[in-house]
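Engineer: So you can see what is in the structure, the chains are spelled out below.
Protein chains: 2
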Amino acid sequence: MRAHNLALVLQTVANSPDRPSRAATSTATGLTRATVSALVDDLIAGGLLTEHEPAPRVGAGRPAAGLALAPDGAAGLGLEINVDYLSACVVDLTGAVRHRFVAHADQRPLAPAAALTELGRVAGQARQAAAANGLPLAGAALAVPGLVTADGTVRVAPNLGWQDVDAPALLRAIPALADLPLSVDNEANLAALGELRADHGGEQTFLYVSGEIGIGAGIVLDGELYRGGRGWSGEIGHVTVYPDGRPCRCGANGCLEQYAGQEAVAADAGLAAAALGIALAAVVNLLDIGVIVLGGAYAPELQRLRPGIEAEVHRRVLTADLAPVTLRAATLGTDAAMRGAADTVLRAVLDDPASYLNLRRAG
Amino acid sequence: MRAHNLALVLQTVANSPDRPSRAATSTATGLTRATVSALVDDLIAGGLLTEHEPAPRVGAGRPAAGLALAPDGAAGLGLEINVDYLSACVVDLTGAVRHRFVAHADQRPLAPAAALTELGRVAGQARQAAAANGLPLAGAALAVPGLVTADGTVRVAPNLGWQDVDAPALLRAIPALADLPLSVDNEANLAALGELRADHGGEQTFLYVSGEIGIGAGIVLDGELYRGGRGWSGEIGHVTVYPDGRPCRCGANGCLEQYAGQEAVAADAGLAAAALGIALAAVVNLLDIGVIVLGGAYAPELQRLRPGIEAEVHRRVLTADLAPVTLRAATLGTDAAMRGAADTVLRAVLDDPASYLNLRRAG
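Heads up: the sequence lines are chains A and B, in that order. Position one of the first sequence corresponds to residue 87 (our numbering), numbered consecutively onward. Position one of the second sequence corresponds to residue 87 (our numbering), numbered consecutively onward.
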C-alpha cells in the first residue's frame with residue numbers, strides 16, 4: 087500500500103504541468119494531507135522530489151512554489167553499442183542529459199567481451215562524471231543492434247557478428263557496472279521509446295526507423311511499443327526490396343540494409359532513398375501508420391533523402407491520395423537509443439520508487 | 087442496468103462450455119436467482135435463449151439440461167461482393183450456417199448500383215430461406231474488397247473499379263435489405279474476425295491473407311483486429327515485391343497482387359508462391375507474427391503453394407532459425423469473409439440484447 091501510494095504521489099508530481107503544492111497533490115491523489123506529507127517527506131529524503139519555497143513577491147512575476155522532480159535525484163545510465171561507436175549518457179529525473187560520452191571505433195573486429203569491456207570504459211567515464219556531480223545512478227540499460235530476448239541475451243546481432251551473447255553476464259563482469267541493475271534491449275525499440283517520451287502529448291502512433299550500418303525499426307501503436315510475439319518486431323533492415331539483389335550478411339538477397347544502410351547512403355543517396363521508400367510503403371500499406379520518424383544517421387540526412395522516399399511512398403501506398411504520410415527527423419537525433427535506454431531506468435524508478443528507496447538505503 | 091444484466095446473462099450462457107442452470111447462471115453472474123430468472127424469461131420470450139428440460143434417465147447417458155443459445159433466435163445475414171462472385175449466408179446464434187448462396191459472375195463490368203442490385207437478389211434468396219425456417223434476421227453486414235471508412239463508404243475498391251461509393255445508401259435502396267440494420271467492412275478484416283472466432287481458444291495473434299483476384303490481409307494481435315490509424319491496414323496486395331515489375335491497377339509497379347492474385351496463381355503457382363513468400367517474410371520481419379492463415383482462393387491451393395512460400399520465408403526472415411513460422415489454410419475456407427460478416431451481426435446481439443429485443447418488439 088505504501089509502495090503504491092509513493093508511486094502515486096511521485097507520478098502525480100511528475101505529470102503535473104506546474105509545481106503542485108502538498109494540498110493540491112492531496113486533492114489530485116485522493117489521499118489525506120497527512121498521508122501525502124509523510125510520503126512527500128520520504129521522497130524528498132530519498133532524493134526523488136524537491137520542494138520550492140514561495141519567493142517574496144518582487145516586481146511583476148513570482149517563481150512557482152511547490153513540488154517538483156529532483157534534478158539531483160536518481161539518474162539513469164543509458165548505454166549503446168553500435169557497429170561504429172560506443173556511447174553513454176547520464177539523464178536525470180527531469181529528463182535533462184547531464185553527461186554524454188561517445189567513442190567512435192569499428193566494433194566488428196572485436197569479440198563481444200572485448201567490445202563490452204571497451205563500452206565499460208565509456209560507461210566508467212559517465213559514472214565518474216555523475217559521481218562528481220553527486221548524481222546517484224538508479225541503473226543502466228544497454229541498446230544493442232540485434233535480436234534480444236526478455237532476459238537480455240543477444241540471440242543475433244548480424245552487423246556486430248554476435249550470436250547468443252549473454253550480455254548481462256558480460257556487463258556484470260565490468261567493475262564500472264557490476265553493482266547496478268542492468269537491462270538490455272534492441273536499439274530501435276529503445277530509440278522509439280525515447281522519441282515517444284521526448285514528444286510529450288505528441289504523436290502516439292508512428293514508425294521509428296533507425297539508420298546506422300544496420301537498419302532497425304520501432305513500432306509505436308497508441309502510445310505503446312509493439313514488440314511482437316517474441317520481442318523481435320521491427321526488423322525492417324531485412325525487408326526485401328530487390329528480391330535478386332545484393333547479398334546480405336543475414337544470408338538473404340536484396341535486404342533494405344544493403345541499399346539504405348549508412349555506408350550505402352554515403353555512396354548513393356538516391357538509390358538509398360528509393361529503397362527506403364519501397365520498404366516504408368510496405369509498412370504503410372500493412373499498418374496504416376501515418377507518421378514515420380527517421381533517426382540515427384538518417385536524421386541529419388533527411389533533407390537529401392526526403393524527395394526520393396516521398397516519391398516511392400506516393401507511388402506505392404494504396405491510400406497515398408486519401409491520407410498523407412508525414413516524414414520527420416527524430417527529435418533526439420543520433421542519441422535516441424541511449425536516451426531511450428536511460429529513460430527506461432528512470433521509468434522504473436517512477437513506477438516503483440519504494441524499491442529504489444529500499445535499495446538506496448541498503449546500498 | 088437491465089440492459090447490462092441482460093447482456094451479462096446472455097454472454098454467460100454463450101461462453102459456458104455446458105448448459106448452465108438458472109442457479110449456476112446466478113452464481114456465475116453474481117445476480118440473485120430472482121433477477122436471473124426474470125432476465126432469462128425475457129431472453130427466452132425474445133427468442134435468444136432456450137431451456138432444455140432434464141430428460142428421464144434412460145440407459146447410460148442423460149442429455150444435458152439447462153440454458154443454451156436458441157438456434158432459431160436471432161440470425162445474422164452475411165454478404166460478400168468480390169470481383170468474380172456474390173454470396174450470402176444466414177448464420178444462427180449458435181454459429182451454425184443455416185443457408186448459403188453463391189452467384190459466380192464477373193462484377194467488373196457493372197456499376198456499383200447494378201452490382202449491389204445483383205447482390206440484393208442473392209440476399210433476397212437467403213432472406214426467403216431464413217423466413218421459411220422462421221429465423222428472424224438481426225441485421226446484415228457486407229464484406230467488400232476495398233478501403234472502407236467507419237461509416238461504410240467504400241473509398242476505393244481497385245479491383246471492382248469502385249471509388250467513393252456510398253454502399254449503405256445503395257443497400258438501403260434494395261427492398262430485400264431496406265429494413266435491416268446494415269454495416270460494411272473490408273473483406274479481409276471480416277474474414278480474419280471470422281477465423282478468430284471459428285478457432286475458439288486457438289491462435290490469438292496471426293496474419294490472415296485473403297487471396298482472390300485481389301489480395302488483402304487482416305492482422306489479429308492478442309485477439310483483437312488491428313485496423314490501423316484510418317482502418318486501412320492489411321493492404322498486403324499492394325506491397326511491392328518486384329519494384330520494376332508488372333504494372334498494377336493501383337498505379338504502382340510490382341505489387342504482390344500482380345504475381346499472386348487468383349489469376350496469377352492459376353498461371354504460375356511457383357512464381358505466385360515465391361512472391362507471396364517475399365511479402366510474407368516482410369510481414370514477419372516487421373511484426374514478429376508466428377502464424378499465417380491463408381484464406382479465400384489460397385485455402386484449397388495451400389499444398390501447391392506451401393514449398394515456395396516456406397523457402398522464401400526461411401531465406402528472408404531474420405529470425406527463421408530461431409522461431410518457426412506456421413502456415414495453415416483458413417478453417418472457414420472461401421466463406422471466411424461472409425461468415426465473419428454474419429458474425430459481426432450476432433456479436434452485436436450478444437453485446438446488446440436489450441436493443442435487439444426492443445427492435446423486435448417494435449417491428
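Among the hints, a few may not be true.
If you anchor each label on the Cβ, the simulated ranges turn out as follows [as the list claims (entries may be wrong)]:
| hint | chain 1 | residue 1 | chain 2 | residue 2 | range |
| --- | --- | --- | --- | --- | --- |
| 1 | B | Ala215 | A | Glu396 | 47 to 57 Å |
| 2 | A | Arg316 | B | Pro103 | 51 to 61 Å |
| 3 | A | Thr235 | B | Gln290 | 14 to 24 Å |
| 4 | A | Asp438 | B | Asp285 | 33 to 43 Å |
| 5 | B | Ala197 | A | Asp437 | 55 to 65 Å |
| 6 | B | Ala397 | A | Asp354 | 51 to 61 Å |
| 7 | A | Gln290 | B | Asp354 | 36 to 46 Å |
| 8 | B | Leu357 | A | Asp265 | 50 to 60 Å |
| 9 | B | Gln97 | A | Glu310 | 19 to 29 Å |
| 10 | B | Ala197 | A | Pro410 | 27 to 37 Å |
| 11 | A | Gln290 | B | Ala397 | 30 to 40 Å |
| 12 | B | Pro393 | A | Arg207 | 31 to 41 Å |
| 13 | B | Ala236 | A | Thr113 | 35 to 45 Å |
| 14 | B | Gln290 | A | Asp407 | 27 to 37 Å |
Partial chain A-side listing against chain B, Cβ under 10 Å, derived [claimed, not checked]:
| hint | residue |
| --- | --- |
| 15 | Ser107 |
| 16 | Ala110 |
| 17 | Thr113 |
Per the computed footprint, the stretches of chain A lying under chain B, defined by three or more beta-carbons under 8 Å from a beta-carbon of chain B, are [what the hints assert, rightly or not]:
| hint | segment |
| --- | --- |
| 18 | 269 to 277 |
| 19 | 306 to 319 |
| 20 | 322 to 329 |
| 21 | 396 to 409 |
| 22 | 431 to 445 |
Hint data in this document are derived by calculation from the structure and do not stem from the laboratory. All C-beta atoms, glycine included, are put in the ideal place defined by N, C-alpha and C.
Engineer: Evaluate each hint against the coordinates.
Structural biologist: Hints versus structure:
1. B/Ala215 / A/Glu396: 47 to 57 Å: 52 Å, holds
2. A/Arg316 / B/Pro103: 51 to 61 Å: 31 Å, violated
3. A/Thr235 / B/Gln290: 14 to 24 Å: Since A/Thr235 and B/Gln290 have Cβ atoms about 21 Å apart, the given range 14 to 24 Å holds.
4. A/Asp438 / B/Asp285: 33 to 43 Å: About 38 Å separates the Cβ atoms of A/Asp438 and B/Asp285, which means 33 to 43 Å holds.
5. B/Ala197 / A/Asp437: 55 to 65 Å: With a Cβ separation near 58 Å, B/Ala197 and A/Asp437 satisfy 55 to 65 Å, so the hint holds.
6. B/Ala397 / A/Asp354: 51 to 61 Å: 31 Å, violated
7. A/Gln290 / B/Asp354: 36 to 46 Å: 43 Å, holds
8. B/Leu357 / A/Asp265: 50 to 60 Å: 59 Å, holds
9. B/Gln97 / A/Glu310: 19 to 29 Å: 27 Å Cβ-Cβ, so the 19 to 29 Å window holds.
10. B/Ala197 / A/Pro410: 27 to 37 Å: 30 Å, holds
11. A/Gln290 / B/Ala397: 30 to 40 Å: 39 Å, holds
12. B/Pro393 / A/Arg207: 31 to 41 Å: Distance hint for B/Pro393, A/Arg207 is violated at roughly 51 Å.
13. B/Ala236 / A/Thr113: 35 to 45 Å: The hint (35 to 45 Å, Cβ to Cβ) holds, given that B/Ala236 and A/Thr113 are roughly 38 Å apart.
14. B/Gln290 / A/Asp407: 27 to 37 Å: 35 Å, holds
15. Ser107: 40 Å, violated
16. Ala110: 36 Å, violated
17. Thr113: 31 Å, violated
18. 269 to 277: Violated: only 0 residues of the segment 269 to 277 of chain A have a Cβ under 8 Å from chain B.
19. 306 to 319: holds (count 9)
20. 322 to 329: Contact hint for the segment 322 to 329 of chain A vs chain B: holds, 7 residues under 8 Å.
21. 396 to 409: holds (count 7)
22. 431 to 445: violated (count 0)
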